[in-house]
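First to last, the sequence lines map onto chains A and B.
According to our numbering, the first sequence is numbered sequentially starting from 1.
According to our numbering, the second sequence is numbered sequentially starting from 1001.
Keep in mind that a hint or two might mislead.
Dumping the calculated BS3-like pairs for lysine-lysine here, alpha-carbon to alpha-carbon at most 27 Å [what the hints assert, rightly or not]: (1) Lys-1011/B to Lys-1062/B; (2) Lys-1062/B to Lys-38/A; (3) Lys-1073/B to Lys-252/A; (4) Lys-89/A to Lys-1073/B; (5) Lys-254/A to Lys-1073/B; (6) Lys-11/A to Lys-1073/B; (7) Lys-1011/B to Lys-254/A.
Derived from the structure by calculation, the hints contain no laboratory data.
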Amino acid sequence: MQDFALWKAVKPGEPSWDSPWGPGRPGWSIECSAMAMKHLGVTLDIHTGGVDNLFPHHENEIAQSEGATGEPFSRFWLHAEHLLVGGQKMAKSAGNFYTLRDLLERGYEPMAIRHQYLSAHYRSQHNFTLEGLEQSAQAIHRLWDFVDRLADHAPQTEAPGALSQEVARCQAGFDEAVDDDLNVPGAMGKVFELMREANIAMEAGTLSRADVATAQAFLDRADTVLGIIAHERDILDADVERLIQERVDARKSKDFARADAIRDELAGAGIILEDSADGTRWRRAR
Amino acid sequence: MFRLLNSMTRKKEPFEPADGRNVLIYTCGPTVYGPPHIGNYRTFVFEDVLCRALRYKGWDVKQVMNITDVDDKTIRDSVARGMTLTDFTRQYEQVFFEDLQTLRVAPAAVYPRATEHVPEMIEITQQLLERGGRGQRLLPHLLVSGLREAVGRPADGHRGALAGLQPPGVR
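Only chain B is shown next, with the shape it has when bound in the complex (with noise of 0.2 Å):
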C-alpha cells in the first residue's frame, strides 16, 4: 500500500487519487527573477521522483507547477534593471526550463503564469469577500482578516492545521 506522510495531520497515510485513477497534484514553482539555486531544484526534484513513483503506481498525473512572474523581487529586480516584468522575467523562465531538462525533470502538464491568471485572483478576492473573509481597506492594500472564522471549524485539527507547526518529524 502506497503511503505518503500527511502535512497536514503529521501521520503516514495511504494515498489514492480521489477518483481512483487521475492524480491531481499542485507544485509550488519558482519565482523567475534569477536562476534558481540548488536547494530549488531539491524541492523541483523530489516533486518529479514523486509524480513518477505515482505513475509506476499505475494512476494518471496531473501535475500543474506556477511560475511566479510578477511578486516583489520579481518587479524590483526588473525596474533595477530597467526591463520591462515580461522581458526580465521570461529569460529566468526559460533558464529553469532548460535546468529542469538537464536535471532529466519529467515536464508538468501546465506551467500557468501568475501574470496572466490575475481574473480569477480578483474572482477568487471577491468570492472570499461576499462569502464572509472580512476585507479590510487598510490603505493602500486589501487585506483580509477573520478568513480562520469564515472557513470555519478552526478547531477540528484540520483547517488551520499547517499554522505554526513544526515541520513533520524526521524519519
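Just chain A, same shape as in the assembly (with noise of 0.2 Å):
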C-alpha cells in the first residue's frame, strides 16, 4: 500500500477549511470513510463501487476506516465492472463518450437506456452500442405492448389454465437468478419467456381470468427489481394530478413501497418529478 494525502494544503484562490495541519481540504478517500461511518456505523454490510475505485480508493478506505475503528469496515464489497462503447473504452478523444443526455436529446428512451445497463450481469464488461440500444427500445417496446394487452384481454375461462404453471416456473426462475449473484439478464429472460408463452396463449384463446391474474402478479413482483416494466399509455394531466396526490397520501402513512410504485409508474409515462419544501411540481420529459 502507498501513503496517500489524508489532508491536502490549501493552495491560493482555492476554497479551504481550518484543521490542526492548518487550512486545506480532505483527501479523496477519507470523505468516503467519514460519510459512511457517521450516517450507517463503523461496519457496513455492502459497499459497492466501480471496478476503476477498487484501487486505491477503496483499499484506501479499509486502511483509513478500520484502522481508526479497529472494526471491519465492510462485510462486503461489490464492484459493477466497465462499461465499452464501441467496443472501446469511452473517452472524448474517441468519439465514443456520451452523456446520458447526449442520448435522450437523440431521441433515445430512458427504459431502453435502462434495458442495456440489465441486460449484462454487472462483473462483466458491457458494450454498449446505438445499435443494442435499438433492440433494447424494440424489447421494451414488446414488452409494453404485451402488458396493455394482457390487461385488455377478455379470457373466456375462469380457472387457472397452463399458463398458470409456466407463471410457476418463470417465477422459480426469476427468483433463481436474483439469488445467484444478482443475475439480472438471467432474470430478465423470464420476464421476456413468460411474454412469449403467454401471447402465445392469447393468440390460442387458451387464457384463463386466473391466468392473467398470475401473469400480471408475476411481472408487478418482477418490477419491483427491473423497475422497467410499468408503463402508462397517453397518461392525462388530470391522472397525473391524481397519481401525485395518492403518492403524498402514500408518504404520510409511510406506505412507502406504493409511493415508489407511483414515482415508478409516473417516470414510465414519462412524467419528471420534483420535490421540494413547497410540495410536488412536475412536468414532461421532452
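Using the hints, build the complex out of the two chains.
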C-alpha cells in the first residue's frame, strides 16, 4: 500500500477549511470513510462502486476506516465492471463519449437505456452500441404492448390453465437468478419468456382469468427488482395530479413501497417529479 | 439462498444483513464537475437494482450515496469558470438527480455532501494519528504511512485483500 494524502494544504485562490494541520481540504478517500461511518456506523453490510474504484480508493478507505476504529469496515464489497462503447473505453478523443443527456437528445428512451444496462451481468464488461440500444427500445415496446394487451384481454374461462404453470416456472427461475449473485439478465429473460408463452396462449384463446391475474402478479413482482415494466398509456394531466396526490398520501401513511411504485409508474410515462419544500411539481420529459 | 460475489474473498458467499433485518449499504457517488457519462450510470443502475433486490428479499435497505463536491477536478473547473465551488457543483448535482429519476433509480436514504462532513474527516484523521498510523508531515500535505501495520494482520487474506488484485473474474 502506498502512502496517500489525508489532508491537502490550501493553494492560493482555492476553497479551504481550518484543521489542526492548517487550512486545507480533505483527501478523496477520507471523504467516503467519514460519510459511510457517520450515516451507517463503523461496519457496513455492503460497499459498492465501479471496478476502477477498487484500487486505490477502496483500499485506502479500508485502511483508514479500520485504522481509525479497529473494526472491520465492510462485510461485502461489490464492484461493477466497465461499460465499453463501440468496443472501446469511452474517451472524448475517441468520439465514443456519451452523457445520458446526449442520448436523450438523440431521442432514445430512458427505459431502453436502462434495459441495456440490465442486459449484462454487473461483473461482465458490457459493450454499449447504438444498435444495441435500438434493439433494447424494441424489446421494451414489445413488453409494454404485451402488458397492455394482457390488461385488455377478455378471457373465456376462469380456472387456472397451462399458463399458470408457466408463470410458476418463470417465477422460480427469476428468483433463482436474483439469488445467484444478482443475475439480472437471467431474471429479465424469465419475464420475456413468460411474455412469449402468454402471447401464444392469448392467440390460441386458452388464457383464463386466473392465468391473467397470475401473470400480472408475476410482472408486478419482477418489476420491483427490474423497474422497466410499469408504464402508462398516454397519461392525462388529471391522472398525473391524482397519482401525485396518492403518492403524497402514501408517504404520509409511510407506505413507501406504494409511493415508490407511483413514482416509477409516472417515470415510465415520461413524467418527471420535482420534490421541494413547497410540495411536488411535475413536468413531461422532452 | 441469496448469494453475492464478495470482491474481498473473490467467492460467492451467502448474504444476509448483520442484524438480520436492515441492510446498511454505501455506494460511491458522483463527483459533480460535469454531467455524468453513461458508464457512470451503469454503476448507479446496478446499485439501484441491488437495493431493489435486497428489498425483494424482504430486508429493509438503508442506502447512502455520497456526493463528491470538493476534489481536484471540482476545484479546477470551478476556478476556470470563475464560479464558487458551491454554485459550480450544485448545478451538476441537479443534473445527477434528474438523470436518476429519468432512469427510474429509486432514491437513496441519504446523499451526504463531502463539503458538509469536513469535521468528521478531521476527526478520523486525528484518530488515525492517535492509533498508530504514522502521520507524516510531508509539507505541504499531511500524508499517512504505516496504515497497513496499524490495521494489523496484513497476511490474513482479508485486510488489504483488495489491493493489487485483478478485478474478480467474470462469470
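- Message: For each hint given before, does the structure comply? Return the numbers of the non-compliant ones in rising order.
- Response: Hints 3, 5, 7 not satisfied by this model.
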